[in-house]
Every structure is written in structure tokens, then in C-alpha cells.
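Student: Given next are the chains, with one letter for each unit.
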Amino acid sequence: MDWTMWVEWIVKGFVLCLILLTGFAYLTWYERRALARIQVRVGPNRAGYQGLLQPIADAVKLIFKEELTPGHVYKVVFILAPVLTVVPSLVLAAVVPLGTSFNLFGREITLYVADVNVGILYLTSIASIAVYGIVLAGWSSNNKYAMLGGIRSSAQMISYELTLGLSFVTAIILGNSMNMIDIVNEQRGLWFVVIQPVGALIFWIATLAEVNRAPFDMPEAEQELTAGYHAEYSGMKFALFFMAEYQKMIVISMILATLFFGGYLGPFVDQVPLLGPVYLFAKVIILLFGMIWVRATWPRIRYDRLMSFGWKILLPLSLAIAFITATGILLADVLNNQLFFWSIPVVSIIALLVAVAFIYRDLRRKSHGRI
Amino acid sequence: MVPLSWYLTLAAALFSIGLFGVLVRRNAVAILLGVELMLNAVNINLVAFWRYSDALTSMGGQVFAIIVFAVAAAEVSVGLALVISAYRRRNTVIADELDMLKW
Amino acid sequence: MTGAQIIFIVVALYTLGSALMVVTTRNLIHAALWLVSTLFGVAVTYALMNANFIAVVQVVVYIGAIAILFIFAVMLTRKDMRDSGPQMNKNWWLGALVAVLVFAGLAFMLSGWSGFSKVAADLPSGFDSVSLLGEALVSPQAYVLPFEVASVLLLAALVGAVYVAFNRK
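Residue numbers (my numbering), protein chains in the order written: chain A, 1 to 371; chain B, 1001 to 1103; chain C, 2001 to 2169.
Not one of these hints is a red herring.
Subject to a maximum C-alpha distance of 20 Å in a straight line, what follows is the list of computed SDA-like cross-link-like pairs (lysine to any residue):
1. A:K61 to A:P44
2. A:K312 to C:F2166
3. A:K144 to A:F238
4. A:K12 to A:L274
5. C:K2118 to B:T1057
6. C:K2090 to B:I1094
7. A:K144 to C:M2075
8. A:K75 to C:H2030
9. A:K144 to A:V73
10. C:K2118 to B:S1058
11. A:K312 to A:I158
12. A:K312 to A:F358
13. C:K2118 to C:A2004
14. C:K2118 to B:T1009
Negatives, chain B to chain C, calculated, CB over 10 Å:
15. L1098
16. D1099
17. M1100
Stretch-level coverage of chain C by chain B, calculated; a stretch enters the list once three of its residues show a Cβ under 8 Å from a Cβ in chain B:
18. 2004-2017
19. 2030-2039
20. 2093-2101
21. 2148-2161
Calculated directly from the structure, the hints in this document are not laboratory data. Because the structure is a prediction, the values reported are computed rather than measured. Ideal placement from N, C-alpha and C gives every residue a C-beta, glycine not left out.
Based on the provided sequences and hints, a complete structural model is requested.
Tutor: Okay, here's the thing in C-alpha cells:
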């Protein structure tokens, strides 16, 4: 424990925060441009080359906006809530490995901030703290729309957290560890998305609900709740909520890439360790495009259907997936037959098709008015 | 190194504070808050005994701490459901005012 | 006084202070938030005892689920934002007396026990309590039966809570 270690930790944490903050700024630009493309518009292209300075202009505008604190709010909690939303989204990234390690001035520098042996549980615990920001923002605003938005949002996040946890279990079983670095190393031969495509899909859907993205953006449904839990927020405090949402999008794409898409792995990553972050970054950009694409094309789900989708379809499906994965690995291990191992993706896809059939039947019944 | 007695004293103090909350609060939700404090005190004791007696040979203390987590979750979900149900019928959650045996 | 002892004292005072605020604050939402703070202190206490898994599970289960349920219940069971009327019953001094007596009794009983000021043995480096715990939970020689009973209890509680809180038209 010499002082250089502390310096290394502080520098790494600082760099990670900076990556996330600039990532947030450029993610807004990326999303607006991609959305515009899909909707046959141009998008922001005035400030700088291709509109690349647009995020900076937005930031300046938000900072100089007047900060209103409505008179009827609970001051302390009102100010605490945006902070409680942003901080978890920043510290989540600490356990995600960005690469292996490289030598700098004869000193081995690892490309991750923390090596926690219960890394995945750490992720779920931090994600569960993030609920507080939203529920407290809704409560302290002292406004019924904000309160409804807060309650909706926290109910949604808690419900989808179960599914999220179970898809984490799938990755834990496949990787045989709760440490994210070990999980990435297990994927050297084969990405887990090949073995468990349904698990990755469920994880992705659950994270969309966790970060309140379309089509699950009920908490801020403008048409029915004015703006949900952040109706009373303005200026920089509003920007913090915005920031938290986009940072969580980035971090959750990083986690998905790490758990199912091989993380920093790619060709020549062992020879040139600095390629690791580049590969991870490329994977994150592709996954983020998926999120933006969904937002551009899917309508918002009605709230009761959102809840029944979470509890009646996703939760049983994710339980089945965890069970199938565990059974497949156990059978392949005991009977020493790789065929059972390869039955995991096949049986999981059959389970997914059964779930889709249930949704189809349910929707058809509803449209014929026989409930 | 911290001796076992410190953890046990912390747990005893936490338990007493929780007991105080259960005995004196009027709001049913606040009473449940006190029960949570008492359960946490028990868990500190369980983990402390695991750490100080047989950390290497058995995991009994941690296993029972996890079972206490499960019991606490069950207790809170049923307890708060009862409170909400009572609030719906009687429009109050003050424990003293819920004094009719049947309504 | 070593570093570990100072950390323990700070954490313990923080936990107990938050716990006192839980039982004395008038505003129930604030009481629930102080409960979150207490639970966090308890999680740090577990981490001090090298029980990493329990510490993280404490955050997931207690802070992430149970305390949120409390905040929900407080929000759903009030007519306005203020807490009117006395929050404690008129025998509060009796309750305080009982609590102090319980603490004194516990302290007296424990101080007579021979293992009271035991010091923990150092854990070997690389000691992985998580995998040991996982094996203990599902091994038939150890605790598989209580584990399964706990899962049945959770299922029963889930069904019971839905049934009790369901609004019959």
C-alpha cells in the first residue's frame, strides 16, 4: 500500500468519471442525430462540424438557465434527489473491466478501477440505490403528477430488477464466478451470447426498463403526467436527471457487453492491451444504437401491460432460462457429453417462443374483448 | 483488532432502540420500522458469532443471517399489506385507533 | 487504539445515531430515510467482519427493497404531506425505561460470559467465503432444508401480501 497505488486509483477513477461525463454529452448528440436519420430529418448540424459542438452549447445553456426552486417543496430532499440519481450511475462503472493491463514506466497498470469478488452483486446493489433518487424527487416535489411519476417509476424499477437479477444469475452460472474479470476471461473461447441468446435479450429488455427508456418511459410520459418525477425541476438539477439517464445507458451497455458480448475481448487484445477499451467502446456504440433504434420505432407500452409483461412474462421466462442454463451445464458435466451443453441455446429459444406465443394469445384475446 | 464484546454491545443497543420504537410509536408503519431495527441487531449478532467463533469451519452464522433477510422481507411485505388494507377500511394507520375487533 | 477500532467506533456511533433518529423523528418519510442510513451503517459493520456477501446483500435486500416498501407504505397511507398529532403515545417514558432496562440486562448477562472479549482469528489470505457460503446453502449435509423452507416462506408471503392488499370491488 504505497502512495503510488493511491495515485493510480485516484487517476483511474477520475478518468472513468471524465469518460462517462463526456460520453453523456456526446451520447445526446449521437441519439439526436440517429433519431433524426430514422425520422428523415437532419438533426443538430449547425454548431461545429456535423454539429459536434452542440453538446457544449447545450451545457452552457443549461448552466446559465435560471434555477427555480418552487416554494412548496421539501428543500433538503428536493436537492438530495438529483444527487442520489447521478452518483450511482457514476460509481456503477467501477467494477467493469476495460481491458487487461499494460506497462507504464515499468509499473503494471490494470485497466479496471476495482476488482471485487462480488462484482455482480455490487452492480445490483448500486442499481437498487438509484430508485431512491426518483422516488424522492417525486415525493419532495409536492405535486401529484410528480408523485405519480415517482411511484410508477419505482414500482417499475423494482419489478424489473428481479428479471435483471435473474439474468445476472445466468451470466454467473456460465462464467462460474461473480467477478466480472473472471467472467470476461471465461468468454475467450465463445461469447456467452452464443450460448444464451435469450438471456442477453431478457437482460437488455430489463435494462431498458431500469433506465426508463422507451418503450418503458412511463415515469416521464409527457402526455399523461406532464413530465413525471422531474416536473418541478429546472436548470442544472434537471440536467442532472438527464445526465443520470444517459450515463446509465452507457454503463448498462458496458455491462451487457461485458457479460454477454465478450467485454474487451477481440483480435490481438493480448498483444496490444490498449485495444481492449477500443473494442469495448465499439461494442457499446453498437448496443447504444439498438436502444436509440427502439426509441425511434416503438410506441410506449400502457402501464398495466408494462407491469404484467414484467411479472407474468419476463420473470417466469428468466427463471426458466436460469434453470435451463444450470441444468444444461450440470448434465454436460455429469454425463460428460457436450451435446447437453449445446441444448442450452436450443431449449432457451423454445422457451422464448413459448413466451411470445403467450403474449400473442393474450393480445388477441384482448382485441376480441374476451378477457 | 476489535473484540467481540464491541459488536455485541452495538447489537444490544440497536435492539433496545428498536424496542423503544416498537413500544412508543403510534403509527403502525413506524412500529414496523422499529421491528426492522431489531432484526438488524440480531443479524449483527449472528455474523459476529460466525466471525469470532468458527469462520473457517462452518458458515452457519452467515446462512442464518440470510434466512433472517428472507424472514424480514416476508414480514415487511405482509405487514405493510395489512397496514394498507387497514388504512383502506378505517382511514387511519394509528395503532391505538384500530381498536375494534370487527368492522 | 488501532485503526480498525477507530473505524468501528465511528461506524457504530453513526449507526446508533441514525437508529435513534428513526424512532424519534416526527416526519415518517424522514424516519424511513434514517432507516436507510442505519441499514447502510449495518452493512459497513458486516464488511468490517469480512462478510462481504452479507454486506452487499444487506444493501440489495434491505435498502433496495424493504426500505423502498416502507417509503411506499408511508406515501400510500396519508391524507396530506404533514404529520399531525403526537407521534408517540403518552407512555413513552415507560417504553424508554423498558428499552434501557433491556439494554442493561443484556449487557449484564453478556459481560458475565467467558467468551465476551474474544478476539477473532485472522482469516487466511485468499479465503473465499462466498463459494463456501454457496456450498453450505445447498449441501444436504449443511443447510439445504432451512434454505428451502425460507423459499417456501417467501412464496407464501408473496401470495399473502397480494391477497391482503388486493382491492376487492
